[in-house]
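Protein chains: 2
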Amino acid sequence: MIIFYSTDVRGNLVYIKGEEHIHCTKVLRNKEGDTINVTDGRGKLYICRIEKISKSETSCFITGVEERMESDAKCAIAISPLKNPSRLEWFVEKAVEIGISEIYIFNSKRTERKSVNRDRLDKIIISAMKQSMNICLPYITFVNNFSDIFISIAKYEGKYIARCESDPPLLTEIRSKQESNIVLIGPEGDFTKDEADHAISHGFTVVSLGPSRLRTETAGIVALSMLKY
Amino acid sequence: MIIFYSTDVRGNLVYIKGEEHIHCTKVLRNKEGDTINVTDGRGKLYICRIEKISKSETSCFITGVEERMESDAKCAIAISPLKNPSRLEWFVEKAVEIGISEIYIFNSKRTERKSVNRDRLDKIIISAMKQSMNICLPYITFVNNFSDIFISIAKYEGKYIARCESDPPLLTEIRSKQESNIVLIGPEGDFTKDEADHAISHGFTVVSLGPSRLRTETAGIVALSMLKY
Chain A
13 MIIFYSTDVR GNLVYIKGEE HIHCTKVLRN KEGDTINVTD GRGKLYICRI
63 EKISKSETSC FITGVEERME SDAKCAIAIS PLKNPSRLEW FVEKAVEIGI
113 SEIYIFNSKR TERKSVNRDR LDKIIISAMK QSMNICLPYI TFVNNFSDIF
163 ISIAKYEGKY IARCESDPPL LTEIRSKQES NIVLIGPEGD FTKDEADHAI
213 SHGFTVVSLG PSRLRTETAG IVALSMLKY
Chain B
13 MIIFYSTDVR GNLVYIKGEE HIHCTKVLRN KEGDTINVTD GRGKLYICRI
63 EKISKSETSC FITGVEERME SDAKCAIAIS PLKNPSRLEW FVEKAVEIGI
113 SEIYIFNSKR TERKSVNRDR LDKIIISAMK QSMNICLPYI TFVNNFSDIF
163 ISIAKYEGKY IARCESDPPL LTEIRSKQES NIVLIGPEGD FTKDEADHAI
213 SHGFTVVSLG PSRLRTETAG IVALSMLKY
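Chains A and B supply the protein sequences, listed in that same order. Counting in our numbering, the first sequence runs from 13 upward without gaps. Counting in our numbering, the second sequence runs from 13 upward without gaps.
In case anyone wonders, no lab produced these hints; they're calculated from the structure. Since this is a predicted model, take the numbers as computed values, not measurements. Yeah, the Cβ is synthetic: ideal placement off N, Cα and C, and Gly gets one too. Hints are supplied without guarantee of correctness; some may be wrong.
Some but not every residue of chain A turned toward chain B, in silico, with C-beta under 7 Å [stated by the list, open to error]:
# : residue
1 : Ser144
2 : Pro180
3 : Ser224
4 : Thr230
Kindly generate the complete structure, drawing on both the sequences and the hints.
In structure tokens form, the structure reads like this:
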């Protein structure tokens, strides 16, 4: 089953544009009258009949709607950009497949590469959502300063910061299954002590992700798996 | 802390050759008299003093040994090669970081690419072991026919096969924490019914990895996380 993505829903009609339009009509060769599935990335799956295919868009008539509520137990990971951008992209793709609700990308003191290709990440998130048949598009938030992260995460009851130093409790041992959780993953070289103290002062608990020394992107996926399963 | 890898241990001496020798002497510029850490990949970490650096090898004198026993609860994943080889390489790197004991790579009916670059995978396993500070090198076994897999896995008490079809129990709900477990991950397009029945007849239980439709390499990492945490 293939799902297309469009947020342009007006009454009984959905309009598919850009790459999704090309993918639907040129790559997969859907024709007028065909039935396709379209999600708005907000929990709605529209069963549609293609009404008209123009050069720039595919117009569809909605014949049915399935609604899937996002679970209340949200899982979020805040992670720093990586020296090798493909490693962050890999993390984002896998995190969306596994079912992350929100991704924060922040610059911290030891972040070596401060810039990320947001368009690429947006495309990866959409294609991973479609590929994994999720119909809720995870939010991605870019935070320039590490401290700005604490502004927008009040909604998370469980707040954790993963650290290599010392020997904190394992995330799986202390995280609650019900609540919404967020885990901060440091850059290559980990958080500075000041950053960790700053997080702790905002109600974050220091946790371990196990005995192995994990790469940043692996730590992100391991933390997410620990929250989800 | 940097760990080098060598299996050439004779009495009180360890000989580092090939790329490890270059990495130790040319890249990291270690000199005679320096202290370095070397693992045999079998649970021993040798603290060594470099005795002699020749063109082709670094000879080290063992001044101390740390032994780390592998846990009895082994985690193994059997996975099929992927159309895009870099995705299998990602899986292998991440699985080693997370602490997999054994990887089986098998060809099944729907495997699209039958060949893998074994040398590349061996290099990835060694560098991921060093990077994650594990000193037990996971075994990797290549199996030409899917059915051959059942010959060599008697040591696993928990045997599971991940399938997309129907609605089997979640791996986390039925797997035991104590025992050694192996999970079979199918190729793009999943196992055929015959292959699944064949596995079931060999004592495998069909399991789910959750509601999302995961790519093969993601399914491998998720299954491993479910076994480990």
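These are the hints, each one checked on the structure:
Hint on A:Ser144 holds. Least Cβ distance to chain B is approximately 4 Å, under the 7 Å limit. A distance limit of 7 Å between C-beta atoms decides the matter here; for A:Pro180 the minimum to chain B is near 15 Å, and the interface restraint is violated. Taken as an interface hint, A:Ser224 checks out: its beta carbon lies about 4 Å from the nearest beta carbon of chain B, inside 7 Å. Annotation: A:Thr230 was flagged as interfacial toward chain B, and the flag holds, the nearest CB pair being 5 Å apart, inside 7 Å.
When held up to the earlier numbered hints, the structure conflicts with hint 2 and nothing else.
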